Amino acid sequence: AQTVTQSQPEMSVQEAETVTLSCTYDTSESDYYLFWYKQPPSRQMILVIRQEAYKQQNATENRFSVNFQKAAKSFSLKISDSQLGDAAMYFCAYRRGGGADGLTFGKGTHLIIQP
Amino acid sequence: DTAVSQTPKYLVTQMGNDKSIKCEQNLGHDTMYWYKQDSKKFLKIMFSYNNKELIINETVPNRFSPKSPDKAHLNLHINSLELGDSAVYFCASSQVSGRSLKGVAFFGQGTRLTVV
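Chains as they are written, first to last, in our numbering: chain Z, 1 to 115; chain Y, 1001 to 1116.
Source of the hints: derived by calculation from the structure; they are not laboratory data.
This structure is a prediction, so every number in the text was calculated from the model and none was measured.
Cβ atoms here follow ideal geometry from the backbone N, Cα and C, with glycine treated the same way.
Don't take every hint at face value.
[As the list claims (entries may be wrong)] Simulated restraints, written as ranges between beta carbons of each label pair:
{"id": "1", "chain 1": "Z", "residue 1": "G97", "chain 2": "Y", "residue 2": "K1044", "range": "42 to 52 Å"}
{"id": "2", "chain 1": "Z", "residue 1": "Q57", "chain 2": "Y", "residue 2": "V1012", "range": "16 to 26 Å"}
{"id": "3", "chain 1": "Y", "residue 1": "K1067", "chain 2": "Z", "residue 2": "Q14", "range": "42 to 52 Å"}
{"id": "4", "chain 1": "Z", "residue 1": "Q56", "chain 2": "Y", "residue 2": "P1008", "range": "20 to 30 Å"}
{"id": "5", "chain 1": "Y", "residue 1": "S1065", "chain 2": "Z", "residue 2": "Q114", "range": "44 to 54 Å"}
{"id": "6", "chain 1": "Z", "residue 1": "G97", "chain 2": "Y", "residue 2": "N1026", "range": "40 to 50 Å"}
{"id": "7", "chain 1": "Z", "residue 1": "L47", "chain 2": "Y", "residue 2": "S1020", "range": "25 to 35 Å"}
{"id": "8", "chain 1": "Y", "residue 1": "I1056", "chain 2": "Z", "residue 2": "Q14", "range": "33 to 43 Å"}
{"id": "9", "chain 1": "Z", "residue 1": "G97", "chain 2": "Y", "residue 2": "N1051", "range": "12 to 22 Å"}
{"id": "10", "chain 1": "Y", "residue 1": "V1012", "chain 2": "Z", "residue 2": "D81", "range": "33 to 43 Å"}
[Said to hold, decoys possible] In silico BS3-like links for lysine-lysine, alpha-carbon gap of 27 Å or less:
{"id": "11", "chain 1": "Y", "residue 1": "K1019", "chain 2": "Z", "residue 2": "K73"}
{"id": "12", "chain 1": "Z", "residue 1": "K73", "chain 2": "Z", "residue 2": "K107"}
{"id": "13", "chain 1": "Y", "residue 1": "K1071", "chain 2": "Z", "residue 2": "K107"}
Chain Y on its own, in the form it takes in the complex (with noise of 0.2 Å):
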């Protein structure tokens, strides 16, 4: 009963392929995010969706693209893979209406992107 799930956990691919990370949240939260985790552990949030609307595109190259096909779930298709995309994303989930955990972000286990 996984809170908020992503798959896969790691991702081996070429330079040009396109590819997808799936994420999946069971909380019933209104609102989800990816992160970016770069090779010195700095984390940068990427999209947030709320009510199947992008609130936040920060920067992102626009070969990145969040897809949510439902409150549940957003995934994350990236086009045209370039090395310095390899990286850890995280997908992460929160309530932001109402005041219980308002505000904390829970986070999937993370994929480890490599692009060769």
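Next up, chain Z with everything else stripped away, as it sits in the complex (with noise of 0.2 Å):
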């Protein structure tokens, strides 16, 4: 069974300043999806960033971005230029690249911005 692992529960950062989330993962499988997911506190899920696994180059999103090492099965989200509204909990998650299963999450890691 496929698991993800975010070994922060929680992370501060100065506004303006980087942070870096880590998540790793484990799987047996080639074909797979990782995302990063954030819940403000309004609830909703958004999606963040995508990678797929057959892809090396690493996936950005305007101050978003991920390191891939997909030997080490670590995908971690970088945040630059931290802004208020970054504040939320990042939910890393992997999806099998075959069928319809659903995401598999980590525990997610709680992001606090100082200001």
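Make the complex out of the two chains shown on their own, each in a separate frame, by following the hints.
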């Protein structure tokens, strides 16, 4: 079974600084997807970034980028120029490539932005 | 024009009651899901439906049953509610065939269920 581990229950960063959230996963599949979702206090689950395992290039979305290390099964999220609106729970998630499987989530990291 | 909508947003009910949560998606996706988020924020898949067929049922009590009248709807029925069922339930949808945004799950706003 796939597992996703987020070892940082909580992280704090100063506004405008850079922060990296860690995620490791375990799978025997070769075709899979990795995601970071953000959940602000509003409870809405918002996709931050997506990475396909067959792509070597790290995904980027504006201030958000990932460091995807396939051999190490590591998928960290870097947030540059942190903003107050980035404060939220961040969930790392895994999904097998084929079939209709749902997402396997990590336990989340609570990100605090210090003004 | 909400992509995935679920109702109600909040639901307070007594133990032993039967309740339903409705979910609709207008994205044309082929797969829908129900997730449970517990009090510690942990999210776990409960069900997924693809082409009106149940694909996954993750050790969920049979008091929970998904019902899909069509590809755009996946409702969650819960019988004989227990205190431990209190949680936030999320509906989601994704397109698992094709390559465009494949695998990305779009979530509803969640339903906070409180059993008293």
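Verification of the supplied hints:
Under the hint 42 to 52 Å, the C-beta atoms of G97 (chain Z) and K1044 (chain Y), about 21 Å apart, miss the expected range. At roughly 48 Å, the beta carbons of Q57 (chain Z) and V1012 (chain Y) sit outside the given window of 16 to 26 Å. Remark: the range hint 42 to 52 Å for K1067 (chain Y) to Q14 (chain Z) is upheld by a beta-carbon distance near 49 Å. For the pair Q56 (chain Z) and P1008 (chain Y), the beta carbons lie near 45 Å from each other, so the given range of 20 to 30 Å is not met.
Distance hint check: the CB atoms of S1065 (chain Y) and Q114 (chain Z) are about 46 Å apart, consistent with the given range 44 to 54 Å. Between G97 (chain Z) and N1026 (chain Y) the Cβ separation comes to about 26 Å, which falls outside the hinted range of 40 to 50 Å. A C-beta distance of roughly 27 Å is found between L47 (chain Z) and S1020 (chain Y), which places it inside the suggested range of 25 to 35 Å. Between I1056 (chain Y) and Q14 (chain Z), the C-beta spacing of about 42 Å keeps the proposed range 33 to 43 Å intact.
Between G97 (chain Z) and N1051 (chain Y), the C-beta spacing of about 18 Å keeps the proposed range 12 to 22 Å intact. Against the hinted window of 33 to 43 Å, the Cβ-Cβ separation of V1012 (chain Y) and D81 (chain Z) comes to about 41 Å, which satisfies the hint. Proposed proximity of K1019 (chain Y) and K73 (chain Z) is contradicted: the alpha carbons are some 41 Å apart, above 27 Å. Between the alpha carbons of K73 (chain Z) and K107 (chain Z) the distance comes to roughly 17 Å, so the proposed pair stays at or under 27 Å and holds.
Annotation: proposed proximity of K1071 (chain Y) to K107 (chain Z) is violated, straight-line Cα distance about 30 Å (limit 27 Å).
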